[in-house]
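J.: Chain residues, written in single-letter form:
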Amino acid sequence: MNRQALAGLQSPVGVAVVALITVLGVTGAAIVVAGADPLAAWYQFLVAPLTSQFRLLEVLVASTPLLLCGLSVAIAFRAGYWNIGAEGQLLLGAIAAGGLGQVLTDVPPILAVPVMIGGGALAGAAWAFVPALLRVRLGIDEVVTTLLLNPVALLFVKALVQGPWRDPMGITESPPIAASAHFPRLLEGSRLHLGFVLGIVGIVIAWYVLTRTATGLRVRAVGLAPGAARFAGIPVERTLLRVALVSGAIAGIAGVSEVAGLQYRLTAGLSPGYGYSGIVVAMLGGLTMPGVLLAGLLLGDLTIGSSIAERTLSVPSQMGEVIQGMLLLAMVAVLATRAWRSRRAAIDEPPPAGPSPADGSRASPTDRPGEPPPIAAEGVG
Amino acid sequence: MPDHPASPDPAASVPAAVALRDITKRFGDLVANDGVTFDVRPGEVHALLGENGAGKTTLMRILYGLTMPDRGTIEVRGRPVHIGSPRDAIAAGIGMVTQHFSLVAPMTVAENLALGRVSGARLDREGMRDAVRRVSVAAELPIDPDARIADLSVGQQQRVEVLKALSRDCRVLILDEPTAVLVPQEVDALFTTLRRLVAGGLGVVFISHKLGEVRAISDRVSVLRRGQLVGTAPGDTDERELARMMVGRPTFGVERPPLAGDAGRTVVLHVGAVVADGARGLPALRGIDLEVAAGEVVGVAGVSGNGQTELVEVLAGMRAPTEGRVTVAGRDVTGLGPAGMMAAGVGRIPEDRRASLVMDLPVSLNLILERIDDFRGAAGLDHRRIERHARELIERYQIRATPRDPVRTLSGGNIQKVLLARVLEHDPRVVVVAQPTRGLDVGASEYVRSTLIARARGGAGVLLVSEDLDELLAVADRLVVMYEGRIVGSMATADADVDRLGMLMAGRLRASQAGTAA
Chain G
58 MNRQALAGLQ
68 SPVGVAVVAL
78 ITVLGVTGAA
88 IVVAGADPLA
98 AWYQFLVAPL
108 TSQFRLLEVL
118 VASTPLLLCG
128 LSVAIAFRAG
138 YWNIGAEGQL
148 LLGAIAAGGL
158 GQVLTDVPPI
168 LAVPVMIGGG
178 ALAGAAWAFV
188 PALLRVRLGI
198 DEVVTTLLLN
208 PVALLFVKAL
218 VQGPWRDPMG
228 ITESPPIAAS
238 AHFPRLLEGS
248 RLHLGFVLGI
258 VGIVIAWYVL
268 TRTATGLRVR
278 AVGLAPGAAR
288 FAGIPVERTL
298 LRVALVSGAI
308 AGIAGVSEVA
318 GLQYRLTAGL
328 SPGYGYSGIV
338 VAMLGGLTMP
348 GVLLAGLLLG
358 DLTIGSSIAE
368 RTLSVPSQMG
378 EVIQGMLLLA
388 MVAVLATRAW
398 RSRRAAIDEP
408 PPAGPSPADG
418 SRASPTDRPG
428 EPPPIAAEGV
438 G
Chain A
2 MPDHPASPDP
12 AASVPAAVAL
22 RDITKRFGDL
32 VANDGVTFDV
42 RPGEVHALLG
52 ENGAGKTTLM
62 RILYGLTMPD
72 RGTIEVRGRP
82 VHIGSPRDAI
92 AAGIGMVTQH
102 FSLVAPMTVA
112 ENLALGRVSG
122 ARLDREGMRD
132 AVRRVSVAAE
142 LPIDPDARIA
152 DLSVGQQQRV
162 EVLKALSRDC
172 RVLILDEPTA
182 VLVPQEVDAL
192 FTTLRRLVAG
202 GLGVVFISHK
212 LGEVRAISDR
222 VSVLRRGQLV
232 GTAPGDTDER
242 ELARMMVGRP
252 TFGVERPPLA
262 GDAGRTVVLH
272 VGAVVADGAR
282 GLPALRGIDL
292 EVAAGEVVGV
302 AGVSGNGQTE
312 LVEVLAGMRA
322 PTEGRVTVAG
332 RDVTGLGPAG
342 MMAAGVGRIP
352 EDRRASLVMD
362 LPVSLNLILE
372 RIDDFRGAAG
382 LDHRRIERHA
392 RELIERYQIR
402 ATPRDPVRTL
412 SGGNIQKVLL
422 ARVLEHDPRV
432 VVVAQPTRGL
442 DVGASEYVRS
452 TLIARARGGA
462 GVLLVSEDLD
472 ELLAVADRLV
482 VMYEGRIVGS
492 MATADADVDR
502 LGMLMAGRLR
512 ASQAGTAA
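Residue numbers (my numbering), protein chains in the order written: chain G, 58 to 438; chain A, 2 to 519.
Calculated from the structure, these hints are not laboratory results.
Here a beta-carbon is modelled for each residue, glycine too, at the ideal position from N, C-alpha and C.
Hints may be right or wrong, so weigh each one.
To be verified - Far from chain A by the CB rule (all over 10 Å, computed), these chain G residues:
#: 1; residue: Leu249
#: 2; residue: Ile291
#: 3; residue: Pro329
Unchecked claim - Not the full set, but computed from the structure, chain A residues with beta-carbon under 10 Å of chain G:
#: 4; residue: Thr335
#: 5; residue: Pro339
#: 6; residue: Gly341
#: 7; residue: Gly346
#: 8; residue: Arg349
#: 9; residue: Met360
#: 10; residue: Leu366
#: 11; residue: Asn367
#: 12; residue: Ile369
#: 13; residue: Glu371
#: 14; residue: Asp374
#: 15; residue: Ala380
#: 16; residue: Leu382
#: 17; residue: Ser491
Unchecked claim - Covered by chain A, according to a simulated footprint, are these stretches of chain G (three or more residues, beta-carbon under 8 Å):
#: 18; segment: 269-276
#: 19; segment: 279-288
My request is simple: use the sequences and hints to build the entire structure.
T.: What follows is the structure, given as C-alpha cells:
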C-alpha cells in the first residue's frame, strides 16, 4: 500500500473504504474459484437486493437484528467495555420472550408487547451483569467472560426447547407464543416488523446521548482515557457497569425482536450468530451511530444478496459470510496498521525529559494499556 | 563551567571502551543533549549524574541504539561505529540494564537468556541451562537456571538482566538508575558485584542522581545539566561540589512580588502525618507533615521517587492515605476521591499532564470535564455555552488552539495551559501542581510560573512539586525537601542555600542537622 493510501487511513471513513476495496479484491478471487463471474456476483450480492420493493423490505428484515446487535456492541465499545457477549445476551432475551409469550395469552397487545420488550431487556442485562461486575470489581477481563457465556446461553436455549418447553408438535421448538405478544407488522404483505423501528429509534437515541448529553460525554471520556476520566471525577466503574447493562439490554431486545417479530417461538437455531455479526457492524461503523446504521443495512443487503446469488449463480450462500468475515478482517488489519504507525511515531519521539518515576502509577483494573477504541472521538457519534 | 576541567584523570591514556563525541539530540524545541562528550574505559565505573530531565537517559539510549542522535559520533575501542539499533549495540559489546526490565515473567532464567539467540526448530534445554551456569559461575552471580522470572525478587531479576548482558560478551554495561528499585541490602550486593566485574575489565556506566551511591561506586563522575556536560570529576569529589554541579544556580527572570502582610496566616492546606503506599504496595509516604497558607507558594524539592508523586496523588484524590489527615480550609478531606477533592477547592495539575486530559477529546470538552453538570442545558449539554467558555479560556490563558482541536494535536506547553485553565478557572483555594514546566519551552515555562505566583498572591495556597531547583527558588516562598517519604528540611527561599539543599535532597543531611529546619 502506498503512502497516500495510508494517509487516507487517518479517518474512519478512509478505513472503511480501504477495507471494502481489499475485500472486493480478495472475494473476487474466491468467486472466480467458485465458478462465477465476479462482477455479476457482486451485482447479485450488493445491488440485486435493492431492485424490488419486496427484496428491499427483506433487506430491512435481515438488518433488524444486525442493527440492534451492532448498537449493543458499539455502545459498549465506546465506553471501552469489550462486550463480546451480545450473542448470549440476545439468546437470553429470546428465552424471556419465548417464556413470556406463552403466558401473555389474555393480555392486549398494547400491554403484551411492552412487557415482552421489557422482559427481554431485563434478561439480556442480567446475562451481562455478572461479567460486568467481575470486571469493575476484580478486573477480570470481560472479553473472556462475556465470550464464554455465549455457548452457555445457547445450551440453555437447547435445554428448554428439548425439555420443559418442548412443543409436542415440533421437534426442538417451544410452543408458539400468543398472537397478542407478536410484534406488529409495519406494512401489509411484508415481514418487516416493530423490531426494525426499535433498532432505528435505539440508534437515534444512542447518537443523541453520546454526542449531546453529559452522560454521553462521560461514557466517551471513560472509553478514550479511563485514567483521565477518573482524575476528572467521573465514576469510571459505575459508568462501565451501566453501559454494560444497557448493552446487554439492547442485545436482549434483539432476541425478543427475532422471537416476537419473525419466529413466534423459541428455537435453537434462532440466531445464526447475530451477536458476533453485531461486532462486525459496530467495527465497520467505526463505533459511530450513523456508521452502525449504514453497516447494519450493508450486512442486511449482503445477507439477502447471498441468497439471491445462490439461486441465480449457484454461488454458495456461505459466500455472504465469507465477505462479512473478510470485511471484518480487512477492517481490523487496516486499523492495526494505523495503530502500528502511530506507535512507531511515538517510539521515534521518546519522552523529552527522561523517564518518569519507576512507578507504574495509579494502576487499576480499568486503566488497561490495551488499544483505545479505534475511533474519532468528537465525530458524529 | 571553567572550574571543572573535562578530564582530570591521569589514566586518560588508556583507550576508551566506548566514547560518545559531541552528541546533540533535540526533541522539538527541547535540547536533550547539547554537544555531550562522554567515554568509559575498561575496568572503571563512570557515573553519569544529573537531575531528572538532564539528558542522562537520552544519552545512554543513543549509545544503546534506541535513539538516533542529530549530531555526533560513537567510537568503540577507538574506531567509529554506527549504532542504529540495540542489535548493533550488542554486537559492539554494549549491554544495558534499563529501569524497566525486559524479561518475560512466566519464562525461566535460562529461557530468558536464550531469547533472541535460539535458532532452528529444536530447543536445546540442557545447553541453555549450561550457558546460564557458565556465565553465572564466571561472574560469581549464583542463580537457578530453572527459576521462573515471576518468582524472583526485583534484585534477582536485575541480576538476571546483568547476566543476560554478560552472556552476550558485553564489555561495557550501562546501568540506568539500577538502585531505584532495590532495597539497601540489594544495593550493597550490586556494588560488590560491580566491583568484581570491573576488576575483570568491564566498563560500567552508572546512571544516578544519588550522590552517596555515585561516590561509593564510581571512578569518575560526569555531570549533566539541562542537556549539557557540566564537567567530569574524580569519583571521590566532595558531595557539596557534586551537588553544586548538578543543581546549578538560579537564572530565572520570573518576578516574585513580596508576600502580603497577612500572607501565611490562614492555613488552607494541612497535611498531618500522612502515610501512603506507592504503586507497588511499598511504603512511599512515611509521615508527611505540611502546611500551605493562603497567598504563598510552598515548593517541594527532592529527587524523583522520594514520594512526591504519591503526595500529589493523595492530594489529587487518586490515592487514599493509610494513616494521617488531610484538611482543606479546615475541612477534613482525608481519603476523598477526585470529585471530593475538587469540591473541597483543590485544583490539581499533576506531573503526567497527558494522563490527566482525554487526548482525543477537543479542548472545549476537556475544559469542562471536571464539571460536566454545570454545562447542562434544557436538552443535554449546552454546546454553545461550552464553546463560548472555551473561547474565553483560550484567550485568557493564551492557548494556541481552537475549541474543537483534539488536545492530542497541541504542543506540551499548550496542553499544560489547558490544564491550568481548567483548574484555575474555578478559583481553587489550594493548587497542587507537579513538574509544571517539564518539557516546556522557555516562554511557556515563564508563563506557567508567573501564573502560579499570581494565583497565590490572589489568595490561593500553592503547593509546587518540582525537580527543578532553579524553578523552586524562583517561584516558591518557602521550600520543603522530601527524601524517602519524609520531609527532611524546610526553609524560607530567601535563606535557601543551594549546597545545603543539594545535601538534603541527596539524603546526606537530616532535619535535625539542618539548623533552620522548621
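J.: Now tell me if each hint is right for this structure.
T.: To see whether the hints hold, each was checked on the structure:
Distance check for Leu249/G against chain A: the nearest CB is about 31 Å away, which clears 10 Å, and the non-interface claim stands. For Ile291/G, the requirement that its beta carbon stay farther than 10 Å from each beta carbon of chain A is not met, with the minimum near 7 Å. For Pro329/G, the shortest C-beta to C-beta distance to chain A comes to about 35 Å, beyond the 10 Å cut-off, and the non-interface label holds. This hint is violated: Thr335/A has a C-beta 17 Å from the nearest C-beta of chain G, more than the 10 Å allowed.
Of the supplied interface hints, the one on Pro339/A holds, with its beta-carbon coming within about 4 Å of a beta-carbon of chain G, less than 10 Å. Hint on Gly341/A holds. Least Cβ distance to chain G is approximately 8 Å, under the 10 Å limit. A cut of 10 Å between beta carbons decides the hint on Gly346/A: the least distance to chain G is about 13 Å, and the hint is violated. A hinted interface residue such as Arg349/A counts as satisfied when its beta carbon comes closer than 10 Å to some beta carbon of chain G; here the least separation is about 8 Å, so the hint holds.
Given hint, Met360/A at the interface with chain G, holds; its Cβ is 6 Å from that chain's nearest Cβ, closer than 10 Å. With 10 Å as the threshold, the beta carbon of Leu366/A comes within range of chain G, its nearest partner Cβ sitting at about 6 Å, so the hint holds. For the restraint placing Asn367/A at the interface with chain G, the shortest Cβ-Cβ distance is roughly 8 Å, inside the 10 Å limit, so the hint holds. Nearest Cβ of chain G to the Cβ of Ile369/A: about 8 Å, under the 10 Å cut. The hint holds.
Taken as an interface hint, Glu371/A checks out: its beta carbon lies about 5 Å from the nearest beta carbon of chain G, inside 10 Å. A hinted interface residue such as Asp374/A counts as satisfied when its beta carbon comes closer than 10 Å to some beta carbon of chain G; here the least separation is about 6 Å, so the hint holds. The beta carbon of Ala380/A is positioned within 10 Å of a beta carbon in chain G (closest approach about 7 Å), and the interface hint is therefore held. Annotation: interface hint on Leu382/A holds; nearest CB of chain G at approximately 6 Å, less than 10 Å.
Annotation: interface hint on Ser491/A violated; nearest CB of chain G at approximately 23 Å, more than 10 Å. Look at the segment 269-276 of chain G against chain A: 6 of its residues bring a Cβ nearer than 8 Å to a Cβ of that chain, three or more, so the hint holds. With 7 residues carrying a beta carbon less than 8 Å from a beta carbon of chain A, the segment 279-288 of chain G meets the three-residue requirement, and the given coverage holds.
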